[in-house]
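Engineer: The primary structure of each chain is shown beneath.
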Amino acid sequence: MKRVNLGATLRIFWDSCILQSKERAISQYFMATLLFQPVIFTLISVGTYLYGRKPDFGLFAITGTGLISIWNNNLWTSADIIYDERRSGTLSLILASPTAFPIVLLGKSFTNAITSILAMGITFATGIIAFRLPIGIADPVDFLIGLVLIVISITCLGLVLGSLFVLTRNAVEYVTVANFPVYILSGLSVPLTLLPLWTRPFSAVLAPTWGNILLNQSAQQVGANLLPGYLWLIGLSVLYLVAAGILYKRVEYLALRAGSLEQW
Amino acid sequence: MSVIFTEGLRRVYKTTTGVLRRKRKEIIALDGIDLSIRSGELFGLLGPNGAGKTTLTRILATILLPTSGTAQVFGLDVARSAREIRPRIGLVFGGERGLYSRLSGRDNLQYFADLYQMPPGVAKQRIPQLLDMMGLTERAEERTEGYSRGMKQRLHIARGLIHDPELLFLDEPTTGLDPLAARELREVILGLKKAGKTIFLTSHYMFEMDALCDRVAVLSQGKILVVDTPSALKKLVADLEVVEIECFGIPPELVTQIRTHPGVAAVNIEVLEHTQLLQIQARAGAELVKEFLKILEGVQVRKVVTRQPTLEDAYIKLVGGESRKV
Chain X
1 MKRVNLGATL
11 RIFWDSCILQ
21 SKERAISQYF
31 MATLLFQPVI
41 FTLISVGTYL
51 YGRKPDFGLF
61 AITGTGLISI
71 WNNNLWTSAD
81 IIYDERRSGT
91 LSLILASPTA
101 FPIVLLGKSF
111 TNAITSILAM
121 GITFATGIIA
131 FRLPIGIADP
141 VDFLIGLVLI
151 VISITCLGLV
161 LGSLFVLTRN
171 AVEYVTVANF
181 PVYILSGLSV
191 PLTLLPLWTR
201 PFSAVLAPTW
211 GNILLNQSAQ
221 QVGANLLPGY
231 LWLIGLSVLY
241 LVAAGILYKR
251 VEYLALRAGS
261 LEQW
Chain Y
1 MSVIFTEGLR
11 RVYKTTTGVL
21 RRKRKEIIAL
31 DGIDLSIRSG
41 ELFGLLGPNG
51 AGKTTLTRIL
61 ATILLPTSGT
71 AQVFGLDVAR
81 SAREIRPRIG
91 LVFGGERGLY
101 SRLSGRDNLQ
111 YFADLYQMPP
121 GVAKQRIPQL
131 LDMMGLTERA
141 EERTEGYSRG
151 MKQRLHIARG
161 LIHDPELLFL
171 DEPTTGLDPL
181 AARELREVIL
191 GLKKAGKTIF
201 LTSHYMFEMD
211 ALCDRVAVLS
221 QGKILVVDTP
231 SALKKLVADL
241 EVVEIECFGI
251 PPELVTQIRT
261 HPGVAAVNIE
271 VLEHTQLLQI
281 QARAGAELVK
291 EFLKILEGVQ
301 VRKVVTRQPT
311 LEDAYIKLVG
321 GESRKV
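So the protein lines, in turn, are chains X and Y.
FYI, the working numbering numbers position 247 of the first sequence as 247, with every residue one higher than the one before it.
FYI, the working numbering numbers position 242 of the second sequence as 242, with every residue one higher than the one before it.
One chain only, chain Y, in its complex shape (with noise of 0.2 Å):
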């Protein structure tokens, strides 16, 4: 049996503008969503900012209600059964928000398990047992309010399996991490995985879900694109080499000329902090540099790679370039 399953899962959003003459906007975050998740599997959810990553997440953590369709957990329906569901998952939200900053690092996790009912003799023995395991001891007794970024996101982590959840719903838990913070927690989520978790992982970056998951799905503009393991995705680009052209200011005209090119496949501009990133999806693609260069004739460029495609691209292919800033 499943332990996520979903079958036409829709959420709109409603809205309002103006403020003498209101209109009303609906807003649609989830599509269609039709989703299978097995016991065990770390299950990664892939997206650009606004695809609905976190709209799903809370509907299948009980704390948003879908518009239509299905979504059950553990074969509980989410809307009806929401009370019978809580106590089995957990729930890690990215960012500096979902702690008590007033509160230590121990009382904060104290407080969650009085809130998940567990009895006070397993809570005193998981407590310091997650503050060792997330390299907190040290530092239990101090506020929260000043951790650091990755601290915190470690106690989130801490918080999420106070209650020793059989289903972790890790919500973008490396945003805003160091890249050393990120990887130790990356090392956590596998360790989790290892004890048999069931992980729910969503973020935008690509090779987090290529090192950490079973199974990726590509979400766009709420709807679901494709459903696979990394190595399958990255196949989708096998026959595809990536020219990556770094510069200073691409006129738009130029790139669409590169775009409309009869061997380009896709093409995504990342923004840097001086330069833009044109990759550039190609068939022969390092033939192609030449023809590349030639259109790109007045642009100041700084580098020239040719490279074999990654997960990232396969994302890219999939999403039809969507512009990105790192």
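The shape of chain X in the complex, shown without the other chains (with noise of 0.2 Å):
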């Protein structure tokens, strides 16, 4: 069996890191994603429930716009870190290094999902200065937790879609299609209760999902049992990291069989 150089593989992990950070920080496309969409859906999305006079839903508006944010950010930026590096011509360099790509994938994820948790500040900040919403979090570092617990589910997650990604130069309309029905599926924009059964399982395997529970348990009562959630945000990250690594061996092969890598 290959040994893995730990200390090789964690500088690639970082250096990935810091590439990625560096190539948002100057992107406006991604700053305006980060920036200004949490503003506008906090601004639709809790006026709509107060309009509709549910102010109770404030909360749940909020944190589920949070999370549309975050996921928001990941799927576009697993999409467009395939797209950069086909376009920039390095994907196929990178495949011709000894490195997996995963590994890089992984770092550039990550720093994507560390950064979209501004997304969540920012939807937090809009609800309190727009509608002057009382927003407090009753138990702040079970939320923490799971704002931790969900970033890293979802930086999985985006390691499945990212390998999914190196197939197809067509990834960022794909992302288009995907985006809307995690939202629904995941009870982010109406609640799961008023979607129909058939459609539980699909909710039950999105990081989202539990995300969007755990978020709203933690910050409506002190003392909740957020252990199935936990677990849930815990089984899916293993999930999606063991899906990430069947699929990229397979994904590589048909991409260097169909020549495609430097297609954009």
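Treat the hints as calculated values from the structure; they're not laboratory data.
Note that this is a predicted model, so its numbers are computed, not measured.
By construction, the Cβ of each residue, glycine as well, lies at the ideal position given by its N, Cα and C atoms.
Treat the hints with care, since some could be wrong.
[Unchecked claim] From the derived model, a few chain Y residues whose C-beta atoms are all more than 12 Å from chain X:
{"hint": "1", "residue": "Ser-36"}
{"hint": "2", "residue": "Ser-148"}
{"hint": "3", "residue": "Arg-159"}
{"hint": "4", "residue": "Glu-187"}
{"hint": "5", "residue": "Gln-308"}
[What the hints assert, rightly or not] Straight-line C-alpha distance at most 25 Å; calculated SDA-like pairs for lysine to any residue:
{"hint": "6", "chain 1": "Y", "residue 1": "Lys-290", "chain 2": "Y", "residue 2": "Thr-260"}
{"hint": "7", "chain 1": "Y", "residue 1": "Lys-197", "chain 2": "Y", "residue 2": "Glu-7"}
{"hint": "8", "chain 1": "Y", "residue 1": "Lys-197", "chain 2": "Y", "residue 2": "Arg-102"}
{"hint": "9", "chain 1": "X", "residue 1": "Lys-249", "chain 2": "Y", "residue 2": "Gln-117"}
{"hint": "10", "chain 1": "X", "residue 1": "Lys-22", "chain 2": "Y", "residue 2": "Arg-102"}
{"hint": "11", "chain 1": "X", "residue 1": "Lys-249", "chain 2": "Y", "residue 2": "Lys-197"}
{"hint": "12", "chain 1": "Y", "residue 1": "Lys-14", "chain 2": "X", "residue 2": "Tyr-248"}
{"hint": "13", "chain 1": "X", "residue 1": "Lys-22", "chain 2": "Y", "residue 2": "Ser-68"}
{"hint": "14", "chain 1": "X", "residue 1": "Lys-22", "chain 2": "Y", "residue 2": "His-261"}
{"hint": "15", "chain 1": "Y", "residue 1": "Lys-14", "chain 2": "X", "residue 2": "Glu-173"}
{"hint": "16", "chain 1": "Y", "residue 1": "Lys-25", "chain 2": "X", "residue 2": "Arg-257"}
{"hint": "17", "chain 1": "X", "residue 1": "Lys-22", "chain 2": "X", "residue 2": "Tyr-183"}
{"hint": "18", "chain 1": "Y", "residue 1": "Lys-303", "chain 2": "Y", "residue 2": "Val-255"}
{"hint": "19", "chain 1": "Y", "residue 1": "Lys-23", "chain 2": "X", "residue 2": "Cys-17"}
{"hint": "20", "chain 1": "Y", "residue 1": "Lys-234", "chain 2": "Y", "residue 2": "His-261"}
{"hint": "21", "chain 1": "Y", "residue 1": "Lys-124", "chain 2": "X", "residue 2": "Cys-17"}
{"hint": "22", "chain 1": "Y", "residue 1": "Lys-234", "chain 2": "Y", "residue 2": "Arg-215"}
[Claimed, not checked] Simulated coverage check for chain Y against chain X, where a stretch passes if three residues somewhere in it have a Cβ under 8 Å from a Cβ of chain X:
{"hint": "23", "segment": "42-51"}
{"hint": "24", "segment": "83-91"}
{"hint": "25", "segment": "98-112"}
Take each chain as given, in its own frame, and dock them per the hints.
Structural biologist: Here it is as structure tokens:
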């Protein structure tokens, strides 16, 4: 079995984080997605509930919107990472190196997930400033743990998507299609209880679903039973990682066979 | 043992055409390639655009799978043992792509040093050496998006050499460079050969192959037409003379008349900025000049030159006088 060089793996993970930060810091599109989209989403969703005289849903709307921004940010940037590598002609060079591409992808996805936490902060700030909502988080420690687990889980999901995107130059188009079903299936835009029963299995395998439940529970009450939510998020993260590992080997083979690494 | 060995190597691209009535189409990029390249050799692969040069380079560099046949690098199969081959090879493509434009030259090299899992101490020594060797030290801290084409190309080579590979693939490295930058790059390539590297170079510049390579393979339409030393290839046209006639607008039927003349071996047309250059390979070409000019009566002729054949002429004879734009 091939020995893994842990030091080298950590170095390339860190390098990829830094590279992604530099690339993103000067991307106007990314900054717009990160900074302005949460504000617009919050104004629309919280405003909708308030207009419908359902102020109790204010917190639900804000956590849901925050998660939409995190998910959106991660999904788009997963597609964008591959697109950028393809466009700059570095995708094939990374694949030609001894480092496994998922390590590079993991570092870049992690940076996206970390920066997308900012979107959650912007969502809360918009809710407080624009609607003067009395938003208090009942259990800040559990809320924070939940947020960290969501970031890890969505990073792992980004790895699955990123692996798939190696196959195609149309990743951004597929992301557009995938975005809205996830908002709905995860209960981020409407409560899960309003969705038909047959959609539940799909909701269960999406990390944003459990993230939404965790954040709402920890924000609303102290001492809520959060263990099932934690276990689901940890379990899903492991599942995504295993799936990404299996998927990537197949995807790499298919991409090398099709000769599609440099198409963009 | 050969560093590179291929036998019956074939690569077919599958594509589809049409929207409603989709038709599958197969494009044969490589068709039965047999090659054997020795350690320390500077081997050139010469061919027109679309001949299959890049496809062959990518297969040998383990980033494209062959459809059938054998391809081995260091005695290892490129499809089954890619992970063992990759740390031992370097890959350099021509053109603007292949660098992170928002990173500095030094950071690009550092990133690729880490991708090749070099120990930090070794990379720390190697990066300044390579920057110096490529004449990039003074601008190493600048983002590469501000580099000239020649600087980018030199950085590409530094990137390809970062892990000190035994075998280097250079895919049209001088394409698009100005003559001075191209000459500097050729000097770098010769230096690498002297340092004992095995180099697989593709190009469609004949003089480059003539000046650099130990052996040259001529590839056309996915097939290798000949493999030999540049001097042996030139002997293919040693009994010929080349008549170059530069003129304004040659009707195709006149070209056909010249091509079918009994003394003519091959004809090539180069399209220049305002004129066309007719290159005619013929036995006793100088004596036939008058006959050629008679055929071209009515065409405005700018210049007529008779010269000895070069490797380029051997190439034209081999690939059948495909038109190229310069």
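Engineer: For each hint, tell me whether it holds in the structure or not.
Structural biologist: Results of checking the hints against the structure:
1. Ser-36: holds (23 Å)
2. Ser-148: Given that every Cβ of chain X is farther than 12 Å from that of Ser-148 (chain Y), nearest at about 18 Å, it holds.
3. Arg-159: Non-interface label on Arg-159 (chain Y) violated, nearest chain X Cβ at 8 Å vs cutoff 12 Å.
4. Glu-187: For Glu-187 (chain Y), whose nearest Cβ neighbour in chain X is about 25 Å away, the distance exceeds 12 Å, so it holds.
5. Gln-308: Gln-308 (chain Y) is indeed farther than 12 Å from all Cβ atoms of chain X, at 41 Å.
6. Y:Lys-290 x Y:Thr-260: Within the cut-off at roughly 16 Å; holds.
7. Y:Lys-197 x Y:Glu-7: holds (23 Å)
8. Y:Lys-197 x Y:Arg-102: Given that 25 Å is the threshold and the Cα spacing comes to 31 Å, the pair is violated.
9. X:Lys-249 x Y:Gln-117: It holds: about 20 Å lies between the C-alpha atoms, which stays within 25 Å.
10. X:Lys-22 x Y:Arg-102: holds (7 Å)
11. X:Lys-249 x Y:Lys-197: The hint is violated at about 32 Å.
12. Y:Lys-14 x X:Tyr-248: The given pair, whose Cα atoms are some 22 Å apart, holds under the 25 Å limit.
13. X:Lys-22 x Y:Ser-68: Distance of about 42 Å is beyond 25 Å: violated.
14. X:Lys-22 x Y:His-261: violated (64 Å)
15. Y:Lys-14 x X:Glu-173: Status holds; Cα separation ~23 Å.
16. Y:Lys-25 x X:Arg-257: Answer holds: Lys-25 (chain Y) to Arg-257 (chain X) is near 16 Å, not above 25 Å.
17. X:Lys-22 x X:Tyr-183: Given that 25 Å is the threshold and the Cα spacing comes to 29 Å, the pair is violated.
18. Y:Lys-303 x Y:Val-255: OK: Lys-303 (chain Y) and Val-255 (chain Y) at ~17 Å, within 25 Å.
19. Y:Lys-23 x X:Cys-17: violated (43 Å)
20. Y:Lys-234 x Y:His-261: holds (23 Å)
21. Y:Lys-124 x X:Cys-17: holds (20 Å)
22. Y:Lys-234 x Y:Arg-215: holds (12 Å)
23. 42-51: Per the Cβ count (0), the hint is violated.
24. 83-91: Result for this restraint: holds, n = 5.
25. 98-112: That given contact holds, which follows from 9 residues of the segment 98-112 of chain Y lying within Cβ reach (below 8 Å) of chain X.
Consistency note: the structure conflicts with the earlier hints numbered 3, 8, 11, 13, 14, 17, 19, 23.
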